[in-house]
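Q: So the chains spell out like this:
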Amino acid sequence: MMDYTMQELMVVAGSREIRDDDVVFVGMRLPLLAFQLAKDTHAPHAIGIFENGILRDVPAGDALYTMGDTPNIEGAIWTTSMMDIMSLLQNGRVSLGFIGGAEVDRFGNLNTTYIGGRENVRVRLPGSGGGSDIASLSKRLVIIMNHEKRRFLRRVSYITSPGFGNGGNWRQRVGLRGRGPCAVITNKGILRFDLHTKEMVLDSVHPGVTVEEILENTGWHLRLASNIQETKPPTKTELRIIRKYDPRGFWTQGKRTFR
Amino acid sequence: MEQKIYSMKEAVSQFIEDGDSVAMGTALEAAIPFAVGHEIIRQGKRDLTLIGPISDMLFDQLIGSGCVKKVVAAWVGNVIMGVGYNMRRAVEVGVPRKIEAEDYTNLTISLALYAGAMGIPFVPTKSLLGTGMMGGKQPFKEMECPYTKERLALVPPLKPDVAIVQVQRADEEGNTHFWGGSGVTKEAALAARKVIVVVEEVVEKKVIRNDPNRTIVPGFLVNAVVPEPWGAHPSPVQGYYNRDHEKYMSYHNESRDRDGYLKWLEKWVFGVKDRKEYLKLVGEEKTKSLLVKRHRKSIPVDFGF
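Chains as they are written, first to last, in the working numbering: chain A, 536 to 794; chain B, 1163 to 1467.
Bound conformation, chain A alone (with noise of 0.2 Å):
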């Protein structure tokens, strides 16, 4: 019997992306616990900048639900604006970047802002925010989403922000200088990409979750790891600290209530 919910398999799983001397562009929801667990466990040294003109070295003192909470500026070490912390970004000085998706594809573009494409818009959403600058700047790069065969598609219709566009040295080509996507983790298992053709692979799957099941949601032909592990699951410390940061369950526990 699981004793956690997969979302908080997936801030475990962000959480150990996240080395002791990394800068991290954090964002927001379960990156945001990622980063808070990483840093009372394995990175203590760990920096957080928040693209709205914070950098934290220490979890803020409460829950947080956006990074504009008062929490989150109380015991800050810097406030300052965008400007600054996209400064950052782009000249080269943060290591690792978390952001999420609406649809993601094989090479790991992703589309935040239409669904069906700009000119045949079926589904407006949000846009970009800061996740295009993070995609295209940061040097390591996480996507953290839900893994739907809706989701998982062939090909973006509209690229927010970009992987490795249809794959090979695209990034270069079309002068990116970060890296792209180093791993995308879902609800289902961790995936990750190849180092020449640059398209996604299975890497590990969650405890309960079976291949068949990863490759039924998938929305093209995955390709799959020659040792595919099995995820680690949370520990009991790694749990407790999550819990004390999401109190009330509402990003981790599917509770969408304060009260």
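Incorrect hints may appear among the rest.
[What the hints assert, rightly or not] With a straight-line Cα cutoff of 30 Å, these simulated DSBU-like cross-link-like pairs (lysine-lysine) come out:
| hint | chain 1 | residue 1 | chain 2 | residue 2 |
| --- | --- | --- | --- | --- |
| 1 | B | K1409 | B | K1425 |
| 2 | A | K790 | B | K1459 |
| 3 | A | K779 | B | K1459 |
| 4 | B | K1409 | B | K1448 |
Derived from the structure by calculation, the hints contain no laboratory data.
Fit chain B to the supplied structure of chain A, relying on the hints for placement.
A: Relative to chain A, chain B alone:
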């Protein structure tokens, strides 16, 4: 001295005209000028172009009220809940009216306002390349760098007709203090033709003089100072009140269909005549619960010589 203290009604009526481009929500999720937005809706302003990095609910409300013809932004929605239903309806099916969307990123909206503030024709960037935001009717172009030969995306300036600056305090001349993450507030104010500052408190000028590093906009650029306590609710203002998360969640559910949105609008905007009445509707129990409880006072520094 020029009189710059205005009521919200006067400031919106006098400084925001139909067809203006208005930068607001410049500090992202914090200090969002909801009181200004609601007064714009009550006064029935039309054909506005909204400029901002992300908009946490406010742009969605203005769009759903038919005030907007164009949105120039990196993100429009409800940060903790996801999409903005009015934005969706306007773009997808033209309800209540069709709007244009110019799609930026957070970096490039900063650069556009910075170019506006600097008075230069464009700023180059290494973002945007290879994305759907290039091409079409979008404002960006590409060039080869004349020095390094690398590909660059070019961002032209944004010069808002009006910038709304929501802050903690200013003096009567509009010298404005802000603390917290400021987003694009400074760039927007420096790029704009008119600046409206909305404050929790009006303070004496010596408060500004004692702490000039905290000044985000100098008064000579400011047209109006509007004292409006709780003007940013349900967004937070550091040192004054915390974010009212529940309001974002209930708005998301209530605005899901058009009728629901119109009911929301009737209750929270047309059903009250000003911010004071709005706050009564929010209720004292709620506002009390949002007040700062864990104070963190800065230690004064010495600006002397």
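Q: For every hint, state whether the structure bears it out.
A: Hint check results:
{"no.": "1", "hint": "B/K1409 with B/K1425", "verdict": "15 Å, holds"}
{"no.": "2", "hint": "A/K790 with B/K1459", "verdict": "34 Å, violated"}
{"no.": "3", "hint": "A/K779 with B/K1459", "verdict": "26 Å, holds"}
{"no.": "4", "hint": "B/K1409 with B/K1448", "verdict": "11 Å, holds"}
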